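Dock chains B, C, D, E and F against the given chain A, drawing on the hints supplied.
6 protein chains.
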Amino acid sequence: MEIGQTRVICTACIAAGVPRWRKDSGLGWVTAEYGMLPASTGSRKSRPIGRPDSRGVEIQRIIGRVLRSAIRFDKLGDNTIHLDCDVLEADGGTRTAAITGAYVALSRAVNSGVSDGRLSRGIVRGAVAAISAGIVDGRAMLALDYSEDSTADVDMNIAMTSGGKFVEIQGTSEGQPFDSDQLSDMLGLASKGIRKLLTVQRQAILKKVRKGRS
Amino acid sequence: MEIGQTRVICTACIAAGVPRWRKDSGLGWVTAEYGMLPASTGSRKSRPIGRPDSRGVEIQRIIGRVLRSAIRFDKLGDNTIHLDCDVLEADGGTRTAAITGAYVALSRAVNSGVSDGRLSRGIVRGAVAAISAGIVDGRAMLALDYSEDSTADVDMNIAMTSGGKFVEIQGTSEGQPFDSDQLSDMLGLASKGIRKLLTVQRQAILKKVRKGRS
Amino acid sequence: MEIGQTRVICTACIAAGVPRWRKDSGLGWVTAEYGMLPASTGSRKSRPIGRPDSRGVEIQRIIGRVLRSAIRFDKLGDNTIHLDCDVLEADGGTRTAAITGAYVALSRAVNSGVSDGRLSRGIVRGAVAAISAGIVDGRAMLALDYSEDSTADVDMNIAMTSGGKFVEIQGTSEGQPFDSDQLSDMLGLASKGIRKLLTVQRQAILKKVRKGRS
Amino acid sequence: MEIGQTRVICTACIAAGVPRWRKDSGLGWVTAEYGMLPASTGSRKSRPIGRPDSRGVEIQRIIGRVLRSAIRFDKLGDNTIHLDCDVLEADGGTRTAAITGAYVALSRAVNSGVSDGRLSRGIVRGAVAAISAGIVDGRAMLALDYSEDSTADVDMNIAMTSGGKFVEIQGTSEGQPFDSDQLSDMLGLASKGIRKLLTVQRQAILKKVRKGRS
Amino acid sequence: MEIGQTRVICTACIAAGVPRWRKDSGLGWVTAEYGMLPASTGSRKSRPIGRPDSRGVEIQRIIGRVLRSAIRFDKLGDNTIHLDCDVLEADGGTRTAAITGAYVALSRAVNSGVSDGRLSRGIVRGAVAAISAGIVDGRAMLALDYSEDSTADVDMNIAMTSGGKFVEIQGTSEGQPFDSDQLSDMLGLASKGIRKLLTVQRQAILKKVRKGRS
Amino acid sequence: MEIGQTRVICTACIAAGVPRWRKDSGLGWVTAEYGMLPASTGSRKSRPIGRPDSRGVEIQRIIGRVLRSAIRFDKLGDNTIHLDCDVLEADGGTRTAAITGAYVALSRAVNSGVSDGRLSRGIVRGAVAAISAGIVDGRAMLALDYSEDSTADVDMNIAMTSGGKFVEIQGTSEGQPFDSDQLSDMLGLASKGIRKLLTVQRQAILKKVRKGRS
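In the order they appear, the protein sequences are chains A, B, C, D, E and F.
First residue of the first sequence: 1, per the working numbering; consecutive thereafter.
First residue of the second sequence: 1, per the working numbering; consecutive thereafter.
First residue of the third sequence: 1, per the working numbering; consecutive thereafter.
First residue of the fourth sequence: 1, per the working numbering; consecutive thereafter.
First residue of the fifth sequence: 1, per the working numbering; consecutive thereafter.
First residue of the sixth sequence: 1, per the working numbering; consecutive thereafter.
If we strip away everything but chain A, and leave its shape as in the complex, we get (with noise of 0.2 Å):
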């Protein structure tokens, strides 16, 4: 997923079985993880000792309970799905281009799934995408890059279904606090770069795999 500077590598492995917690449950399971590699930043960042570090724990939750929302899991049956964001350049936005491209591999991975008959249909409920949004200078933008989000007051991050409905919305004022009229236009401008982000992974998952991985 490469959005302005910004690369993504997201990958999709479905493996057998679920956690202990959901065993005999009959339902299935989706975790993501998020990471980044140590020169995807502007001054090398170091290798988490143990376990990511406490953003990175934040990011990986978002990701996962937004995906978690695209999926019936009694449709996928004991199964989990491991989803891998790995950030090779980070230009702002990390975390939405994370769940906008983990999108395209889980559908990837499932499609395949069925297609040699391991997985059932019906188990994608419909797409979601995910765009950051922020108020710089008094007015609402989209997408910032690393440089406006720096001198950003909101930094807005947005999680839509294909229907338009609201999956997650994660905003926080590092700045000047905002109003309603300021969260409606960050909606309203995030619902319409949201639309252009469904089409693009349409098509994604759609083409042709390079080496026939998902």
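Just so you know, these hints were derived from the structure itself, not from any lab.
Note that this is a predicted model, so its numbers are computed, not measured.
Don't take every hint at face value.
Any copy will do: because identical chains look the same in the list, a pair fits if it lies in one copy or spans two.
Below, simulated DSS-like cross-link-like pairs (lysine-lysine); rule was C-alpha separation at most 27 Å, straight line [as the list claims (entries may be wrong)]:
1) Lys45 - Lys23
2) Lys165 - Lys196
3) Lys192 - Lys207
4) Lys196 - Lys23
5) Lys192 - Lys45
6) Lys75 - Lys45
7) Lys192 - Lys165
8) Lys45 - Lys207
9) Lys207 - Lys75
10) Lys207 - Lys196
11) Lys23 - Lys207
12) Lys165 - Lys45
13) Lys75 - Lys23
14) Lys75 - Lys165
The following block gives chains B, C, D, E and F in isolation, referenced to the frame of chain A:
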């Protein structure tokens, strides 16, 4: 901080010095930690090994962000405020209870620092409080307890300033995604609920402390 | 459990099953964990990274040993009792307060298990309570608070049964070593103090619980 | 240090500097670590992952406390003595063997430091040694080996100075609790045993070292 | 670096300062880290908890040693070069691909540092490249892919300088041990293969970089 | 195992069962761990926190690989041999001393298992031993001690079978790279040295053990 059956101990400790990456900036810092006693939940929750569990990490990042928005770091100077929010009993809404209580602890600690001359005036920019809302059976509701929370379609946490603006919005659909109208309903309820909490906070800040600790 | 300014929350949770190394023995198990809230001490104590600090490890091993001596594991059967002792405020004697309080929590949990038929009778062999003693300025004293403790030459922790016998003696000279007479004095004082604690425990075990939790 | 089948390597290394919390106090420090080789026990003991296991933590805290009581920190000055006690073969009484051997290592290291002028005189306040005792079949016994230890009702570890005073008493009833008479019997036996150990220590301190290492 | 299906991202970051143990020596340092993305292997490889797995540790130590042999630390001065080798796809020979690619990244980073004046000339002593060889069905072969590797009797990794000398030889018989003749055959093949890699490296070092990062 | 001043305790423990990934294969497993006592080196070496340090990880991987090559896993059956190599004193060549000593421990453990009927015959394929070599002042030398090692240009570790074939070659130029002639010289010396070690091993395997432990 008690809200429903939920009880959270919130404390603020002010220590000289700031984290290394902030040295020589002249700016202070606020950091938050969140924990749950093992017996705070229905079935015993193991102590985290080596770090808060990932849910705790996400929550303490939110608490820290919201409370930082209430502080003028230039006035705080070369000091760090440590906020500790430990859940004694959990019955829904622990993260918003923690934010609301942490603001009281922070204010009292700052007031006490001002009165004994260690801190300058004007550190606290204004009050913040937080509340949870959700959609249960299609209708927006405020401050869900654990049993309501389990059946809610949306779990939303909102933090607002005494000026009525948003500091943090974090909402997730755990079942059905939600639309703009439902979002408005939840934000409207939250706005009213937070106004009440701000009143309670003001009283708590003024109250005498049992043993002079803040 | 409150003694002086020291306050410790003690809880007991009974869970089906025993640790792996005890499987198929027909015997139950009791295990204890000890923690301190960051704000429980004069200057903030950092949360332990990845495990209790070494002082906490030593203390929770002692708590576990003493409470295990009060239990008939053959009667407990295939169950584990988890004792959690979390210090809200520390002013000396937290480990002995934890032992004394943990016995109350354990008894109430067992009684509740007996009355709803999950547990058999006769699990609790007899009461245990603990108290600290020391030598200050050459004289034996009971239940030192933090400021006395800091200047004591000896720090001794004694746990005894309701039958007046010793379960654990752990004493360290932190300044001058002590002789047999001083040891006798400390054990004599402790014996009297523990008799009072055993009375308090009996009352606490019978008291109605606020919300039916033990 | 060999006692029965138990063999423990005890070494003392003196390094310039003290831990951070003790800086600029003019006082030295003594710290101890305790380990067991995997093959030291009947069935192989896994290497601890990331830290000594909790039993080891408790033991090394006791070793450190006892040896610190033998040292005048003002004379030691800005130096730290690291004591390492590693069990090659375990057959009961490893912690008391470790204390007794660590005192020899410490004395020789200090003597060697005094003779080459790195350390001042008068650092060692006096000798300390330790021994274990217990109650087997109702009778007090000294220095239990592993098979006696397993059936003992009480496991007691006593450390005493060359002046015949107590430095540490740590006793636990693992079966029947014990009364004052039994305690006196154990302390009496320990007192005699420690006198013999103090003689052995004196000889070991004077012995020439194979390769000049202490 | 791509060789066969194996793809490794190699980056070099030059940071001011050296590790503590090398301070005030006037000499620089080179360190390497090696990782695999979870989806780089046939079946998903879990992220290492807290550190590279032991295979990764061994590999990154070899990468570091080999690349250090290419550097004149006195010319590098008070700087550390961090090499990061992250495997995107693994199909045999990842460690030798990492060495070969890391040399390119290192050279480009040094050249860029020289041209903007941060570094002095003469830091790179000469080129190094590495290749794997093995014995399959009794015959020496070069650059085994994963399926060949699995059936090989010997797995050998050879790093050589542009002057045709050895920097590292690391060979293991995983089935039949090997004799001197087989060793000569493998080293002969490796020598030829490395000559080709050195040519490819030279071209890659001169190539324009997409976004000016090295 | 003593060679020069280097002393390593090597033990082998045979336990029923194999690691999970090897279950139901009918094949046994051999695994090695390597540690250094803190006082084994000139200046005290801290205990590794949570795992062997990276040098130790590399060494124990080599020990395990070499010893595995000596074993027929089909004959070993559903058993795991744990090799523990702990360095008491280090003066160069600890890893090759560990390999040579581990083979003795392994052989004795297997012989003892055969004689009491727990193991079948034919498990040990043949002897392996290891030695280090290097280039000092341009000349190949055998079994460098610590002071020679520090000035060597090449550090090479060679493991060979009693049949005179190579099992592991691991050589690194720490200063000048080396050419084929120097490699031949080192391998020639190693071959002679290993022949002597194989004789010593045979004697050690037959020797009576002090306390019947192997």
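Checked hints:
{"no.": "1", "hint": "Lys45 - Lys23", "in the structure": "between (38 Å within a copy, 19 Å between copies)"}
{"no.": "2", "hint": "Lys165 - Lys196", "in the structure": "within (15 Å within a copy, 30 Å between copies)"}
{"no.": "3", "hint": "Lys192 - Lys207", "in the structure": "within (24 Å within a copy, 40 Å between copies)"}
{"no.": "4", "hint": "Lys196 - Lys23", "in the structure": "neither (38 Å within a copy, 43 Å between copies)"}
{"no.": "5", "hint": "Lys192 - Lys45", "in the structure": "neither (33 Å within a copy, 37 Å between copies)"}
{"no.": "6", "hint": "Lys75 - Lys45", "in the structure": "between (40 Å within a copy, 26 Å between copies)"}
{"no.": "7", "hint": "Lys192 - Lys165", "in the structure": "both (12 Å within a copy, 25 Å between copies)"}
{"no.": "8", "hint": "Lys45 - Lys207", "in the structure": "between (33 Å within a copy, 26 Å between copies)"}
{"no.": "9", "hint": "Lys207 - Lys75", "in the structure": "within (25 Å within a copy, 50 Å between copies)"}
{"no.": "10", "hint": "Lys207 - Lys196", "in the structure": "within (17 Å within a copy, 35 Å between copies)"}
{"no.": "11", "hint": "Lys23 - Lys207", "in the structure": "neither (35 Å within a copy, 41 Å between copies)"}
{"no.": "12", "hint": "Lys165 - Lys45", "in the structure": "neither (36 Å within a copy, 34 Å between copies)"}
{"no.": "13", "hint": "Lys75 - Lys23", "in the structure": "within (15 Å within a copy, 31 Å between copies)"}
{"no.": "14", "hint": "Lys75 - Lys165", "in the structure": "within (22 Å within a copy, 42 Å between copies)"}
In terms of the numbered hints stated before, the structure departs from hints 4, 5, 11, 12, listed from lowest to highest.
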